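K.L.:
One letter stands for each residue in the lines below.
2 protein chains.
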Amino acid sequence: MAEYIESLERLSEQFGRLEGVGKKSAMRMAFSVLELSDEEAASFAQSILDAKQKIHLCPVCQNLTDRELCNVCADPGRDGSIICVVNDPRALLAMERVREFRGVYHVLHGLISPMNGVTPDQLKIKELLERIQRGGVEEVIVATDPNVEGEATAMYLSRLLRPLGVKVTRLAYGVPVGADLEYADEITLFRALEGRRNF
Amino acid sequence: MAEYIESLERLSEQFGRLEGVGKKSAMRMAFSVLELSDEEAASFAQSILDAKQKIHLCPVCQNLTDRELCNVCADPGRDGSIICVVNDPRALLAMERVREFRGVYHVLHGLISPMNGVTPDQLKIKELLERIQRGGVEEVIVATDPNVEGEATAMYLSRLLRPLGVKVTRLAYGVPVGADLEYADEITLFRALEGRRNF
Chain C
0 MAEYIESLER LSEQFGRLEG VGKKSAMRMA FSVLELSDEE AASFAQSILD AKQKIHLCPV
60 CQNLTDRELC NVCADPGRDG SIICVVNDPR ALLAMERVRE FRGVYHVLHG LISPMNGVTP
120 DQLKIKELLE RIQRGGVEEV IVATDPNVEG EATAMYLSRL LRPLGVKVTR LAYGVPVGAD
180 LEYADEITLF RALEGRRNF
Chain A
0 MAEYIESLER LSEQFGRLEG VGKKSAMRMA FSVLELSDEE AASFAQSILD AKQKIHLCPV
60 CQNLTDRELC NVCADPGRDG SIICVVNDPR ALLAMERVRE FRGVYHVLHG LISPMNGVTP
120 DQLKIKELLE RIQRGGVEEV IVATDPNVEG EATAMYLSRL LRPLGVKVTR LAYGVPVGAD
180 LEYADEITLF RALEGRRNF
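Chains as they are written, first to last, in numbering that gives the first Met the number 0: chain C, 0 to 198; chain A, 0 to 198.
Hints are supplied without guarantee of correctness; some may be wrong.
[Said to hold, decoys possible] Some but not every residue of chain A turned toward chain C, in silico, with C-beta under 7 Å:
id	residue
1	Arg9
2	Leu17
3	Val32
4	Phe43
5	Leu48
6	Lys51
7	Lys53
8	Ile54
[Unchecked claim] What follows is a list of derived Cβ distance ranges for each label pair:
id	chain 1	residue 1	chain 2	residue 2	range
9	C	Ser112	A	Val97	42 to 50 Å
10	C	Glu185	A	Arg98	45 to 53 Å
11	A	Pro119	C	Met114	55 to 63 Å
Since the hints were made in silico from the structure, they are not lab data. As the structure is a computational prediction, the values presented were derived from the model and not from experiment. Backbone N, C-alpha and C fix where the C-beta goes; we use that ideal spot for every residue, glycine too.
Hey, can you work out the whole structure from these sequences and the hints?
P.N.:
Following this line, the structure appears as structure tokens:
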């Protein structure tokens with residue numbers, strides 16, 4: 000095409016690398032950046048660097064945080080005896096939106112998926128075991144996504160954790176099967192939490 | 000929410016400012032940035048600054064470019080006597096994809112819209128007049144969007160330009176090629192019928 004503008008194409012490619020962004024959306028966003036003021040563009044660029052630099056994993060629950068401990072782990076009002084296990088930080092955010100769960104979390108950063116070559120040792124399962132072995136944990140609620148990988152991971156965790164003497168529960172099927180936890184509405188999530196069952 | 004991470008929220012807000020990006024998509028993109036390597040994130044940030052810094056308007060046709068003249072204006076093979084007027088650089092890209100038009104362009108950067116407070120003097124119309132007054136232009140094809148604002152702008156341009164002795168034409172209206180007639184709206188069908196051609 001005659002109208003190739005290198006720096007615009009490069010910016011568009013960068014947007015295209017992000018999850019869920021198609022080629023047309025990426026180009027639209029790149030054009031959109033050109034409409035920002037210089038200051039706005041500079042602050043956009045800086046916010047990317049800031050996010051990458053400041054955000055790391057909470058050493059306790061492996062959630063994302065820009066402080067020493069994440070806000071949940073740092074909150075003395077949360078009940079450390081109940082750990083809710085989620086696959087990623089977005090699922091954790093979804094759980095927090097329910098405003099009902101007063102326990103703490105553990106973020107696996109993935110789900111077991113032999114098809115995609117994801118094995119248990121690539122997830123933050125070792126860290127979960129260590130937390131439980133340090134004592135004080137009574138219940139682990141497995142809130143992995145209600146799909147095949149989520150189920151497999153839940154099963155794996157339940158077999159692994161039961162010998163340690165903790166109660167292992169799973170979110171009730173109130174969450175729509177096959178969907179991403181991230182998109183579940185608060186009421187569905189609340190019902191799922193309320194109706195959790197023993198393995 | 001307990002799980003507020005300031006730098007993540009700020010990054011998400013930045014994505015949310017871009018055209019066509021909703022709140023959920025913005026947050027997903029922000030999370031996606033965290034999955035980039037440090038180098039990738041740095042090059043993303045840099046590409047925003049680069050695009051803003053390097054891209055400016057072509058002094059002839061007002062299209063975006065990172066060179067002195069845009070690629071079309073700099074191409075001696077293009078016919079400067081036919082100017083195709085488009086509302087924005089994306090429309091220009093769409094026209095270029097046709098690979099049929101060998102004339103040059105003029106980008107208005109907007110459409111006349113009294114409802115949204117956009118008046119002719121806010122568009123690159125003065126620059127178009129100056130081009131035509133410099134001579135050598137025989138035809139102006141008005142290819143503004145086929146909607147109310149596009150029509151109003153086309154009408155305005157046609158009244159303005161005809162006294163200068165240039166031919167002013169408008170893109171043909173009709174049914175889109177490859178589409179089902181069943182789904183064409185009445186106005187489009189009426190225009191297609193009105194503009195029917197002999198075989």
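K.L.:
Which of the listed hints are broken here?
P.N.:
Violated: none.
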